[in-house]
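This is what each chain is made of:
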Amino acid sequence: MSGKPVLHYFDGRGRMESIRWLLAAAGVEFEEKFIKTAEELEKLKNDGLLMFQQIPMVEMDGMKLVQSRAILNYIATKYNLYGKDMKERALIDMYTEGVADLYEMIIQLVIVSPDEKDAKIAMIKDRTKNRYLPAFEKVLKNHGQDYLVGNKLSKADIFLTELLYCIEEVDASLLANFPLLQALKTRISNLPNVKKFLQPGGQRKPPITAKVVEEARKIFKF
Amino acid sequence: MAGKPVLHYFDGRGRMESIRWLLAAAGVEFEEKFIKCPEDLEKLKNDGLLMFQQVPMVEMDGMKLVQSRAILNYIATKYNLYGKDMKERLLIDMYTEGIIDLYEMVSHLPLTPPDQKDTKMALIRDKTKNHYFPVFEKVLKSHGQDYLVGNKLSRADIHLVELVYSVEEVDASLLADFPLLQALKTRISNLPNVKKFLQPGGQRKPPVTAKMIEEARKIFKV
Chain A
1 MSGKPVLHYF DGRGRMESIR WLLAAAGVEF EEKFIKTAEE LEKLKNDGLL
51 MFQQIPMVEM DGMKLVQSRA ILNYIATKYN LYGKDMKERA LIDMYTEGVA
101 DLYEMIIQLV IVSPDEKDAK IAMIKDRTKN RYLPAFEKVL KNHGQDYLVG
151 NKLSKADIFL TELLYCIEEV DASLLANFPL LQALKTRISN LPNVKKFLQP
201 GGQRKPPITA KVVEEARKIF KF
Chain B
1 MAGKPVLHYF DGRGRMESIR WLLAAAGVEF EEKFIKCPED LEKLKNDGLL
51 MFQQVPMVEM DGMKLVQSRA ILNYIATKYN LYGKDMKERL LIDMYTEGII
101 DLYEMVSHLP LTPPDQKDTK MALIRDKTKN HYFPVFEKVL KSHGQDYLVG
151 NKLSRADIHL VELVYSVEEV DASLLADFPL LQALKTRISN LPNVKKFLQP
201 GGQRKPPVTA KMIEEARKIF KV
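Respectively, the protein sequence lines represent chains A and B. In this text, residue positions in the first sequence follow my numbering: the first is 1, and each later residue adds one. In this text, residue positions in the second sequence follow my numbering: the first is 1, and each later residue adds one.
In case anyone wonders, no lab produced these hints; they're calculated from the structure. Each residue gets a CB set at the ideal place from its N, CA and C atoms; glycine is no exception. Just so you know, not all the hints are guaranteed correct.
[Stated by the list, open to error] Derived contacts from chain B toward chain A, CB cut-off under 7 Å, selection only:
# : residue
1 : Val66
2 : Glu97
3 : Gly98
4 : Val135
[Unchecked claim] A short list of chain B residues far from chain A (calculated; beta carbon distances all over 10 Å):
# : residue
5 : Lys196
6 : Thr209
7 : Ala210
So that you can see chain A by itself, here it is in the shape it has in the complex:
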């Protein structure tokens, strides 16, 4: 029966976390079916529920949505977090894709080999401080508004805030020179829906541990 969206993924952040953040920010309650074994993933595949044999998969509005960007675009459109017109959507997309590039570097850290890790972290720190955070700080500075686009909450604010939390987990000092980003992070975190998501008992997943990666490797065979 059409009710809450159901998220199919393993019990960890991965490529589902941004979707959790967005649903939460939109005030949408959701359920999760965690994939705990390789067999459970096989069953989803064999039942024909995964268009490209991959997760994340979100059941909502009578459909089986796959591909995280497709899912995020759908949620953002449905809950008015995608700007008011084409040009605002272009800005939101540009910012979102920049966020996604840095986010991708950070989430790949858990599968990088130990001898490559230091170099990867150094690159992340450099890109964070010199490329990405300055770009977003500048956007906020230019218009002086509370949100990145159109003076209204959009998915760009949510994803950037999520990214800022991830950056903080890598190295909190990276945020030091970006007061407007820090203020955005605080503001977004204090929105009632986001606050609930972030507090203990909320559906936000903890940072990934080596144990979680090991379990995911068993399930996803990577």
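Keeping the supplied structure of chain A fixed, place chain B upon it in accordance with the hints.
Quick look at chain B alone, frame taken from chain A:
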């Protein structure tokens, strides 16, 4: 003055090619400013024209658009190649993201070290024949229409046909079991705008060569 879009990239396919295809299919004439040396790229960065210090960048409608997905989304929306509603956009996004996943694998093949090439090729063959092409063949078979979504040309058809051409360049036999994909490829290629793009003198770029990679490495310092 509002004129033709101007594409900033090097003279090769890379991450700009899908944008060229989409503009061409939409019947939009565009100009290209090719980055030929490191100094060209530095100038774009120093002039503040690249939000994240990266190309592709497309100047259009008074904006300096970066991030290929943002650019593609904008063009698709502007020229009505993104479906008629939220649900059609979702299907288009799901198909497009699946296409991009395979396209990335195929387009990275020339960059693969020689000792890894055979493995990569085998993976591409497997994914194409067993994972991706069957999905799209099934979509076309299930509704029997000429286009992937909504019985109307959309960006999904353009991206898929571009992918089919790329796969063909790697191994033409991979198309053998997919008659509906072959028919779509023919149909789309015969659309006047696409035909013009594909013929000699059109703005479609040739396949990557080792020489082009060498030049791009110099410019992008990778």
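Going down the list of hints, with the structure as the test:
no. : hint   : in the structure
1   : Val66  : holds (6 Å)
2   : Glu97  : holds (4 Å)
3   : Gly98  : holds (5 Å)
4   : Val135 : holds (6 Å)
5   : Lys196 : holds (26 Å)
6   : Thr209 : holds (27 Å)
7   : Ala210 : holds (26 Å)
Against the hints set out earlier in the document, no violation occurs for any number.
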